[in-house]
Amino acid sequence: MSVAQRHKAETREIAEPLCRLEDLVDGRSRGFDPLGEGRDTMFVVRRGAAVHAWRNHCPHYDRARMAWKKDEFLDPSGERIMCFAHGALFDIASGECVLGPCLGQSLTPVEIELRDGLVRVRGKYAPGFRR
Amino acid sequence: MRIIGPDELIFGVDDLDACRAFLVDYGLDEVDRTEGGASYHALDGTGITIRKRSDPSLPRPLPTASMLRKTIYGVEDQETLEEIAAELGKDRDIIREADGSLSCRDDLDFALGFRVTTRRKLDLPAEMINSPGAKPGRPANVLGANQDAEAKPRTLSHIVYFVPDMERLTKFYIERLKFVITDKFTNTGPFLRPQSNFDHHVLFMIQTPAYMQGLEHLAFHMQGPTELMLAGSRMVKKGYESFWGPGRHKFGSNWFWYFNSPLGTHVEYDADMDLHDGAWTERETPMSAEAAQLFLFENVEKWAPGGPPPGKQG
Ligand code: FES
Ligand SMILES: [Fe+2]
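Keeping their order, the protein sequence lines are chains A and B.
Heads up, the numbering used here is the position in the first sequence plus 1095, with the first residue counted as 1.
Heads up, the numbering used here is the position in the second sequence plus 59, with the first residue counted as 1.
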């Protein structure tokens, strides 16, 4: 994908499902790039039948990316979402920062829908790339 | 006071394996590995030590998310160490460790250590470039673009703290440890260097609320911009998260590339930092994106003109 194309990413509905529920490992996180921006701009955490979806933006810095490696958004215990920029910890279900530089602030949710074993983004999805 | 700069940073972490994988891929050499952790060295022997968070030998943690447990500065000789002990001993407890080093806390409770430096003197070539009008940096038939070149961090360069009281901590490092301000972002913080180091900064501070106190980033010096780009590109290829860069800072002039890390701090590659001595007069400017970087590239997938036409592949 060229740079020109990437910067054309526009807010739109995502027709394709993100993945199948069964593709998600229970207790793990996974990043997605629904607009093909060349970066994961959101991530999901599966816990049993529930899937929690958040934008890959730490509230501490403007549009800060959170993982330390592709798909790694959880702290070592797997009990919290962690921003590996400065170690902020977030509640997986509520998105609230419970320790760290953005204490009390929250992650931005992505509305998703689980239907027929598929995980889909609901409604319009905005680009997440820094520029 | 003949302090050189950070010799070693000690972290208390939960996931030793993740940290190990990251630090080795970053280019540091693993030494002294045990059940409870290991050290990771740059070419001159400066580096990072990781231990289990619960390790009782570690200084107590800050009450924040920071995993940094201690910053150990290298000094030139025993005399300097005694000078520090005498100065800081005036108003705080100084512990003399079995290895001869000193331990204490600074005025904002960061754990500090001082030791006669264990860094080795490096004797290595600079990045060689060819420039019209100048004597060639590389002789004929010596290539500049070597995909397989080693790109290893040479030495621990600098650290950046989030601090709840920048004035107070600046005063501590200047008045008690004789650091010098090279430049300053108004209301954000100063760039500091100790007296036995001409690097633009070994310590920078960012004023924040108290619940943020900790380490913003740490950085190692690379040979030059080309090695920085090589090392950073390799990290991206391995799936690590580029946070900011590559680019070049204005203050300090250093090239930079920052990565997220399982140590809960940014780990930066830097290269070609300005040197300053006593003849330098500090500059001051408000912090802004414009002031922070001379230029910035974003890492995107590789592309070449003449490749598949736009729209050909998804
Ligand atoms: S950017 Fe996430 S903790 Fe700082
Ligand atoms: Fe830096």
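Derived from the structure by calculation, the hints contain no laboratory data.
Since the model is a prediction, treat every value here as computed from it, not as a measurement.
Hints are not guaranteed to be accurate.
[Said to hold, decoys possible] Below, in silico cross-link-like pairs of lysine to aspartate or glutamate (DMTMM-like), each with a Cα-Cα straight-line distance of 25 Å or less:
#1 Lys129(B) to Asp207(B)
#2 Lys1165(A) to Asp76(B)
#3 Lys1165(A) to Asp168(B)
#4 Lys111(B) to Asp1135(A)
#5 Lys1165(A) to Glu1117(A)
#6 Lys149(B) to Asp168(B)
#7 Lys296(B) to Asp1118(A)
#8 Lys1165(A) to Glu234(B)
#9 Lys296(B) to Asp1128(A)
#10 Lys1219(A) to Asp76(B)
#11 Lys180(B) to Asp76(B)
#12 Lys149(B) to Glu234(B)
#13 Lys296(B) to Asp1135(A)
#14 Lys297(B) to Glu1191(A)
#15 Lys111(B) to Glu1117(A)
[Claimed, not checked] Selected chain A positions facing chain B (in silico; Cβ < 8 Å):
#16 Arg1158
#17 Arg1160
#18 Lys1164
#19 Ala1180
#20 Leu1184
#21 Ala1188
#22 Gly1195
#23 Leu1198
#24 Ser1201
C-beta atoms are modelled at their ideal positions from N, C-alpha and C, and glycine is treated no differently.
*Decide if the proposed pair is consistent with the structure: Lys297(B) and Glu1191(A), CA atoms, cutoff 25 Å inclusive.*
Violated, because 30 Å separates the two Cα atoms, which is more than 25 Å.
*Double-check Arg1160(A) for me: the hint is only fine if its C-beta lies closer than 8 Å to a C-beta in chain B.*
At about 5 Å, which falls below the 8 Å cut-off, the nearest Cβ of chain B leaves the hint on Arg1160(A) intact, so it holds.
*Would you check the hint for Lys296(B) and Asp1118(A), treating anything up to 25 Å between C-alpha atoms as holding?*
23 Å, holds
*CA of Lys1165(A) to CA of Asp76(B), is that 25 Å or under?*
16 Å, holds
*Take the C-alpha atoms of Lys149(B) and Asp168(B), compute the straight-line distance between them, and say whether it is at most 25 Å.*
16 Å, holds
_Given the hinted pair Lys296(B) and Asp1135(A), is their Cα-Cα distance within 25 Å?_
Measuring from Cα to Cα gives roughly 15 Å; hence the hint holds.
*25 Å limit on alpha-carbon distance, applied to hinted pair Lys129(B) and Asp207(B)*: 35 Å, violated
*Given the hint that Lys111(B) pairs with Glu1117(A), test it: the Cα-Cα distance must not exceed 25 Å.*
Since the Cα atoms of Lys111(B) and Glu1117(A) sit roughly 34 Å apart, the hinted pair is violated (cutoff 25 Å).
*Hint check: 8 Å Cβ-Cβ cutoff, Leu1184(A) to chain B*: 6 Å, holds
*Has the given pair, Lys180(B) with Asp76(B), been kept, meaning a C-alpha gap of at most 25 Å?*
This hinted pair is violated, its Cα atoms lying about 30 Å apart.
*Against chain B, run the beta carbon of Ala1180(A) and see if the smallest gap drops under 8 Å.*
5 Å, holds
*Within 25 Å, alpha carbon to alpha carbon, are Lys111(B) and Asp1135(A)?*
30 Å, violated
Violation of the numbered hints given earlier is confined to hints 1, 3, 4, 8, 10, 11, 14, 15, 16, 21 and 24; the remaining hints are satisfied by the structure.
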